[in-house]
Amino acid sequence: MNKNNVDRFFASGLSNLEVSPSSNTDARFNALLEKRKSGRGAIINFVRYFSAAASVIFVFGMGFYFHQANNNSKTLNVASVSDNLNLPKPLENESEVLNSIKEEQIIALNSKQSFVDNSANKKLPVISKGNVLSPHNDISPESLKTESALPAKKASGVYETDEQIPDGLTLALQNAETKRNQRIREDKEDRLFRKDVGETLIVISSEKNPNEERIHLPELNEDSPITLTEARALGEIKKENNKGVLAKVFYQIRSLKHGEKPDRDFSESVSRNTLHFSDDGFIGNEAKEMKERFNWIKDKISKN
Amino acid sequence: MTKVVSLFVEEYELARAIKQGDQKALKFFYEKYSGKMLAICMRYLSDRMLAEDVMIEAFMKIFDKIGQFSFQGSFEGWVKRIMVNESLMKLRSMKMLELDIESQNIQLPSTSMNDSLAEKEILAMIMDLPAGYRTVFNLYAIEGFSHAEIAEKLGISEGTSKSQLSRARAILQSRINESEKGIKQNFD
Chain Z
1 MNKNNVDRFF ASGLSNLEVS PSSNTDARFN ALLEKRKSGR GAIINFVRYF SAAASVIFVF
61 GMGFYFHQAN NNSKTLNVAS VSDNLNLPKP LENESEVLNS IKEEQIIALN SKQSFVDNSA
121 NKKLPVISKG NVLSPHNDIS PESLKTESAL PAKKASGVYE TDEQIPDGLT LALQNAETKR
181 NQRIREDKED RLFRKDVGET LIVISSEKNP NEERIHLPEL NEDSPITLTE ARALGEIKKE
241 NNKGVLAKVF YQIRSLKHGE KPDRDFSESV SRNTLHFSDD GFIGNEAKEM KERFNWIKDK
301 ISKN
Chain D
1 MTKVVSLFVE EYELARAIKQ GDQKALKFFY EKYSGKMLAI CMRYLSDRML AEDVMIEAFM
61 KIFDKIGQFS FQGSFEGWVK RIMVNESLMK LRSMKMLELD IESQNIQLPS TSMNDSLAEK
121 EILAMIMDLP AGYRTVFNLY AIEGFSHAEI AEKLGISEGT SKSQLSRARA ILQSRINESE
181 KGIKQNFD
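So the sequences go chain by chain: Z and D. The first sequence lines up with residues 1 to 304 when you count with the working numbering. The second sequence lines up with residues 1 to 188 when you count with the working numbering.
Pulled out of the complex, with its shape left as it was, chain Z reads as follows (with noise of 0.2 angstroms):
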């Protein structure tokens, strides 16, 4: 940038110029500036304020809500068991309340009653539900002797009697007994299986013979007949034992061409098999074919 004399001359003069505001000026600055000092402390009391009413309405929420979460799940209890009680249902009023009262004395007095007269085989004496005495009656075992207190008589000749039902909360206890002594029951038939063997069974079996498949539990205890080991070998006999013929001559080829001698148990296997065949057969003269070509076979790999 190229400057001449008046650039340098003005830029000179002017560097260090300053010029006093007014005092009008410096009184607007102090109140601009006490305006915003007082509007930053609004901010920051607005700021405290609104903080610390939100850490009370935090403290209030955080309260009602585990105060509702706890009264949900107390509701939720009590729903729960009284939906699996069956509990009955409750009277309207006082005169049915009554009646059921009596209903069940007379129902403990028939139910005596009729342990005593079944053995003599004689008429019980049960009210029905219609024929409930008032509340006010004397409920006395000779008023229920009368015609109009004995039981109805079916055609069958069962006599109709009500038995004393048990209450929810019964039925519900006597369920939950029952369930748990299920479960006792069925933990100690699986406990063998479960705990003491981990679930492992071998089973040894042939194609050929069905018959012969067996069931081992290994390593059950010191009694046990067999090991997990003992089983496998078992089972890699069986295998072998099960491959046929051809299989087995391949593998002792394979075998041969890798330098190992050749079965003796299958060069004798395989000449029992054969002597199960006639020669004159289609069968007889491949075995004989096959037999004469794996002696071929054993006889060059012996001369190498």
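Be aware that one or more of the hints could be misleading.
[Claimed, not checked] Some but not every residue of chain D turned toward chain Z, in silico, with C-beta under 10 angstroms:
| id | residue |
| --- | --- |
| 1 | Y30 |
| 2 | A51 |
| 3 | D53 |
| 4 | F69 |
| 5 | L88 |
| 6 | R92 |
| 7 | A118 |
| 8 | M125 |
| 9 | I126 |
| 10 | F137 |
| 11 | I142 |
| 12 | A170 |
In short, the hints are calculated from the structure, not lab data. Here a beta-carbon is modelled for each residue, glycine too, at the ideal position from N, C-alpha and C.
Got chain Z; can you put chain D on it based on the hints?
What follows is chain D alone, placed relative to chain Z:
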């Protein structure tokens, strides 16, 4: 170099105090820089009252935007830039930046400058310039902006900036000559 750094350290301490809203620091900052800043504003606006208004607004803006200061470079330079920008914005809002783009070839006299002119007389010469001339001359000769930067800042072409500067120089040169003649006549 060490002195410059220490100077900046003092400025940065003041800037940090302003950032924290220290009232004493704000007042100290005003008392320290208001004279210089008012001179800058008057160079651009040519009206003292207007310049004072702009200066106060600029100070408030500095207090609000102090968080944008990156503590790199001179704090005073940053404050000056804000003052200049505020002055330019004021000029633009008052539509005083309608520049005369007529170019004239003015031959500048090669006379030596008279150092006897007082600072306030020099300021008065600049303040008497038309707004366009004054603005370009201030930005180029005193603030040190290039014509490209001035063109971008004011939204004009570089040619316009150059022509405005030439005219401003010519006028100022003639004013200086007149002032010298007057001084000589007084002595004679």
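Given A118(D) as an interface hint, is its Cβ closer than 10 angstroms to any Cβ of chain Z?
OK, holds: A118(D) within 10 angstroms of chain Z, min 9 angstroms.
Given L88(D) as an interface hint, is the shortest Cβ-Cβ distance to chain Z below 10 angstroms?
violated (17 angstroms)
Does F137(D) meet its interface restraint, that is, does its C-beta lie within less than 10 angstroms of any C-beta in chain Z?
holds (8 angstroms)
Take the shortest C-beta to C-beta distance between I126(D) and chain Z; is it under 10 angstroms?
Holds: closest Cβ of chain Z sits about 7 angstroms from I126(D), inside 10 angstroms.
Was the hint right that I142(D) lines chain Z, CB cutoff 10 angstroms?
Constraint on I142(D) satisfied, holds at 5 angstroms.
Holds or violated: the hint that D53(D) contacts chain Z, with Cβ atoms closer than 10 angstroms.
Result: holds, 8 angstroms to nearest chain Z Cβ.
Report holds or violated for the interface hint on A170(D), using the least CB-CB distance to chain Z and a cut-off of 10 angstroms.
Interface hint status for A170(D): holds (9 angstroms vs cutoff 10 angstroms).
Just to be careful: measuring from the Cβ of R92(D) to every Cβ in chain Z, is the smallest value less than 10 angstroms?
Hint on R92(D): violated, closest Cβ of chain Z at ~23 angstroms, above 10 angstroms.
Do the numbers back the hint for A51(D), that is, is its least Cβ distance to chain Z under 10 angstroms?
holds (8 angstroms)
Using 10 angstroms as the Cβ threshold, decide whether F69(D) counts as touching chain Z.
For F69(D), the interface hint is violated, since the closest Cβ of chain Z sits about 18 angstroms away, which is over 10 angstroms.
Would you settle whether the hint for Y30(D) is holds or violated, based on the nearest Cβ-Cβ distance to chain Z being less than 10 angstroms?
Since the shortest Cβ distance to chain Z is 6 angstroms, the answer is holds.
Tell me if M125(D) is really an interface residue toward chain Z, meaning its C-beta lies closer than 10 angstroms to one of theirs.
This hint holds: M125(D) lies near chain Z, its Cβ roughly 8 angstroms from the closest one there, short of 10 angstroms.
When each numbered hint is compared with the structure, violations occur for hints 4, 5, 6.
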